[in-house]
Amino acid sequence: MSVDSATVRRIAHLARIAVADDEIEHLRGELNAILAFVEQLSEVDVAGVEPMTSVSPMTMKKREDAITDGEMAELVVKNAPASEDHFFLVPKVVE
Amino acid sequence: MASKKRKTTKGEPPKTEKGEPAKTAAAAPPTVAADAAEKTDLTALTLTEARDALRKRELTSLELTEAHLAAIEKAGALNAFVLETPEHARDMAKRADEKLAKGEAGPLEGLPIGVKDIFATREVRTTACSNILSEFVPVYESTVTTNLWRDGAVMLGKLNNDEFAMGSSNEMSRFGPVVSPWRRKGAETKLVPGGSSGGGAAAVAADLCLGAVSTDTGGSIRQPAAFTGIVGIKPTYGRCSRWGIVAFASSLDQAGPLARTVKDCAILLRSMAGHDPKDTTSVNLPVPDYEAAVGRSVKGMTIAIPKEYRVEGMPEEIEALWQRGAEWLRAAGAEIVEVSLPHTKYALPAYYIVAPAEASSNLARYDGVRYGLRVPGRDVTEMYEKTRAAGFGREVRRRVMIGTYVLSAGYYDAYYLQAQKVRTLIKKDFEDCFARGVHAVLTPATPSAAFGIGEKSSGDPVEMYLNDVFTVTVNMAGLPGIVVPGGLDRQGLPLGLQLIGRPFDEETLFTLGAAVEAQAGHFAPEHWWES
Chain A
1426 MSVDSATVRR
1436 IAHLARIAVA
1446 DDEIEHLRGE
1456 LNAILAFVEQ
1466 LSEVDVAGVE
1476 PMTSVSPMTM
1486 KKREDAITDG
1496 EMAELVVKNA
1506 PASEDHFFLV
1516 PKVVE
Chain B
28 MASKKRKTTK
38 GEPPKTEKGE
48 PAKTAAAAPP
58 TVAADAAEKT
68 DLTALTLTEA
78 RDALRKRELT
88 SLELTEAHLA
98 AIEKAGALNA
108 FVLETPEHAR
118 DMAKRADEKL
128 AKGEAGPLEG
138 LPIGVKDIFA
148 TREVRTTACS
158 NILSEFVPVY
168 ESTVTTNLWR
178 DGAVMLGKLN
188 NDEFAMGSSN
198 EMSRFGPVVS
208 PWRRKGAETK
218 LVPGGSSGGG
228 AAAVAADLCL
238 GAVSTDTGGS
248 IRQPAAFTGI
258 VGIKPTYGRC
268 SRWGIVAFAS
278 SLDQAGPLAR
288 TVKDCAILLR
298 SMAGHDPKDT
308 TSVNLPVPDY
318 EAAVGRSVKG
328 MTIAIPKEYR
338 VEGMPEEIEA
348 LWQRGAEWLR
358 AAGAEIVEVS
368 LPHTKYALPA
378 YYIVAPAEAS
388 SNLARYDGVR
398 YGLRVPGRDV
408 TEMYEKTRAA
418 GFGREVRRRV
428 MIGTYVLSAG
438 YYDAYYLQAQ
448 KVRTLIKKDF
458 EDCFARGVHA
468 VLTPATPSAA
478 FGIGEKSSGD
488 PVEMYLNDVF
498 TVTVNMAGLP
508 GIVVPGGLDR
518 QGLPLGLQLI
528 GRPFDEETLF
538 TLGAAVEAQA
548 GHFAPEHWWE
558 S
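Quick note, the sequences are listed as chains A and B, same order.
The numbering of the first sequence is the numbering used here, which starts it at 1426 and goes up by one.
The numbering of the second sequence is the numbering used here, which starts it at 28 and goes up by one.
Take the hints with a grain of salt, since some may be wrong.
From chain A, some residues computed to sit far from chain B (all C-beta separations above 10 Å) [to be verified]:
{"#": "1", "residue": "1446"}
{"#": "2", "residue": "1464"}
{"#": "3", "residue": "1490"}
{"#": "4", "residue": "1491"}
{"#": "5", "residue": "1492"}
{"#": "6", "residue": "1495"}
{"#": "7", "residue": "1496"}
{"#": "8", "residue": "1510"}
Heads up, simulated BS3-like pairs for lysine-lysine below, C-alpha to C-alpha not over 27 Å straight-line [said to hold, decoys possible]:
{"#": "9", "chain 1": "A", "residue 1": "1503", "chain 2": "B", "residue 2": "413"}
{"#": "10", "chain 1": "B", "residue 1": "334", "chain 2": "B", "residue 2": "217"}
{"#": "11", "chain 1": "B", "residue 1": "372", "chain 2": "A", "residue 2": "1486"}
{"#": "12", "chain 1": "B", "residue 1": "217", "chain 2": "A", "residue 2": "1517"}
{"#": "13", "chain 1": "B", "residue 1": "454", "chain 2": "B", "residue 2": "372"}
{"#": "14", "chain 1": "B", "residue 1": "305", "chain 2": "B", "residue 2": "334"}
{"#": "15", "chain 1": "B", "residue 1": "455", "chain 2": "A", "residue 2": "1486"}
{"#": "16", "chain 1": "A", "residue 1": "1486", "chain 2": "B", "residue 2": "305"}
{"#": "17", "chain 1": "B", "residue 1": "217", "chain 2": "B", "residue 2": "448"}
{"#": "18", "chain 1": "B", "residue 1": "372", "chain 2": "B", "residue 2": "448"}
{"#": "19", "chain 1": "B", "residue 1": "217", "chain 2": "B", "residue 2": "101"}
{"#": "20", "chain 1": "B", "residue 1": "121", "chain 2": "B", "residue 2": "101"}
{"#": "21", "chain 1": "B", "residue 1": "334", "chain 2": "B", "residue 2": "448"}
{"#": "22", "chain 1": "A", "residue 1": "1517", "chain 2": "A", "residue 2": "1503"}
{"#": "23", "chain 1": "B", "residue 1": "305", "chain 2": "A", "residue 2": "1487"}
{"#": "24", "chain 1": "A", "residue 1": "1486", "chain 2": "B", "residue 2": "454"}
{"#": "25", "chain 1": "B", "residue 1": "483", "chain 2": "B", "residue 2": "212"}
{"#": "26", "chain 1": "B", "residue 1": "334", "chain 2": "B", "residue 2": "413"}
{"#": "27", "chain 1": "B", "residue 1": "101", "chain 2": "B", "residue 2": "212"}
{"#": "28", "chain 1": "B", "residue 1": "455", "chain 2": "B", "residue 2": "372"}
{"#": "29", "chain 1": "B", "residue 1": "483", "chain 2": "B", "residue 2": "372"}
{"#": "30", "chain 1": "B", "residue 1": "305", "chain 2": "A", "residue 2": "1503"}
No wet-lab data here; the hints were simulated from the structure.
As the structure is a prediction and not an experimental result, all values here were calculated from the model.
Cβ atoms here follow ideal geometry from the backbone N, Cα and C, with glycine treated the same way.
Please model the entire structure based on the sequences and the hints provided.
Take a look at the structure:
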């Protein structure tokens, strides 16, 4: 499978990465090179093979549903590019 | 320019030292004319030698730390450190000296090390060498580094790596490429140290630190170790906690050490490893005394040579090194058998679906809201898009987009599901091999020696990916893998051998690694950068 420029734009948007018009062609070439390389996987007979979900057989550890941490709003927002009164600030989302 | 041999361990009788003799050592008075103190350059000590000298009070951690800080100062040309923390290091060294004096030394007390800039370090800038993390200063400490400080290690600074650990040459860092301390005989061409842990490998090989803590998702510890003539181990998935490590591909990421000897790595891994309730994939198994495994006999062990690792176009010298490695182990009493790991060739393509897919999910958190860089936009979506376009480098953008594509509606089964099924088969190849009584698999570490900076930056990203052809299989199967230097090629550059072990049997790898090391010796570059 290979991607066309419309698909490159769609993927970029899904990935939330702005791509300039003059980058599309170059990106398309790179993505297609990678896709051509991984194409060989389709020749593997995987009939009856379970997809891997965990490299080592383990049951996921669970813990009691209890509050174990908190009361540190100051620290949580410390690295935010914009915050006010312990809230993260974002551009207007809802009109 | 001839490369000096650091010193060979050949013929040295195997030593089995017990864990913590510090308490008894503290009672002994400091001896002035001791071996270690006589060495004019304290940075030439191995981690093991430095530890023993500190315990015997032949030198202080502050002296050792100052020597390393001075070496770092002179090694700017290598660009190995992205942040030096000398004040921090001196404070830690002074505290270590107090503990050593009181006989309360931890296993790593007073030993100066470097930390890959992918581990969150409290109040010390952590960037994963990406612009998108900007000047991020964590308010918490990763579990692995917490364990190291608990055991007394001293942090010299943060080490360069490929952005988000995505790369095989350390050319993809926001702080610029790392220059390998190694050069080809008679040439001054700048070579890559490998990646993604290029800063750590260069720093260890150049004697800027006694060891480095690193991560390995597809070969990021082992390939740079091979390129710089040092030792690196990626432990079994689950052995070290991933908590506080900037996530790349969560089902493949694992922390491990880089150091100049097998024993140094064994000592570091013992401190790094262990169960952590904060990482659901960290296993609750006791951590063995890895150091005790160094020097054990390999007699009776079965070592497999997988025929599929004989790839097309592989230089003759790599093949010769591989044969030599097998001979060394046979001479030491191991049995060598040929095996088939039929799905080997599919590991790399499967990796380049699984790793980008997981990366695209993990890197979704860099949205310009909670931390790091923000580029303003008309609305929230444009803000996301502009922030991520400006913050991510070329390779990261590429992988996030590939990952997004293979996970998108209509393509998921063809790519991601197929890759995860192939992954099951890759793992089964190894299981079948181990079930036949094989203790470890011996392979070359890389398909070539180090290459020049810029030599593989052509249009085709796959050319760079091929560097990891021998290492990704190990991550795909979640197994432990160690790389030990095997010799120098015709150009005078290091080549490494890889040993792949059974799950959670790192001890056997340390035993076998030490057996190879005893035959191959150690290799060190000329210190050309100290001008």
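Checked hints:
{"no.": "1", "hint": "1446", "result": "holds, 13 Å"}
{"no.": "2", "hint": "1464", "result": "violated, 8 Å"}
{"no.": "3", "hint": "1490", "result": "holds, 14 Å"}
{"no.": "4", "hint": "1491", "result": "holds, 13 Å"}
{"no.": "5", "hint": "1492", "result": "holds, 15 Å"}
{"no.": "6", "hint": "1495", "result": "holds, 14 Å"}
{"no.": "7", "hint": "1496", "result": "holds, 13 Å"}
{"no.": "8", "hint": "1510", "result": "holds, 16 Å"}
{"no.": "9", "hint": "1503/A / 413/B", "result": "holds, 22 Å"}
{"no.": "10", "hint": "334/B / 217/B", "result": "violated, 34 Å"}
{"no.": "11", "hint": "372/B / 1486/A", "result": "violated, 34 Å"}
{"no.": "12", "hint": "217/B / 1517/A", "result": "violated, 49 Å"}
{"no.": "13", "hint": "454/B / 372/B", "result": "holds, 13 Å"}
{"no.": "14", "hint": "305/B / 334/B", "result": "violated, 40 Å"}
{"no.": "15", "hint": "455/B / 1486/A", "result": "holds, 25 Å"}
{"no.": "16", "hint": "1486/A / 305/B", "result": "holds, 10 Å"}
{"no.": "17", "hint": "217/B / 448/B", "result": "violated, 41 Å"}
{"no.": "18", "hint": "372/B / 448/B", "result": "holds, 14 Å"}
{"no.": "19", "hint": "217/B / 101/B", "result": "holds, 17 Å"}
{"no.": "20", "hint": "121/B / 101/B", "result": "holds, 23 Å"}
{"no.": "21", "hint": "334/B / 448/B", "result": "holds, 23 Å"}
{"no.": "22", "hint": "1517/A / 1503/A", "result": "holds, 21 Å"}
{"no.": "23", "hint": "305/B / 1487/A", "result": "holds, 11 Å"}
{"no.": "24", "hint": "1486/A / 454/B", "result": "holds, 23 Å"}
{"no.": "25", "hint": "483/B / 212/B", "result": "holds, 21 Å"}
{"no.": "26", "hint": "334/B / 413/B", "result": "violated, 48 Å"}
{"no.": "27", "hint": "101/B / 212/B", "result": "holds, 22 Å"}
{"no.": "28", "hint": "455/B / 372/B", "result": "holds, 14 Å"}
{"no.": "29", "hint": "483/B / 372/B", "result": "holds, 21 Å"}
{"no.": "30", "hint": "305/B / 1503/A", "result": "holds, 22 Å"}
Hint compliance for this structure: hints 2, 10, 11, 12, 14, 17, 26 are broken, all remaining hints hold.
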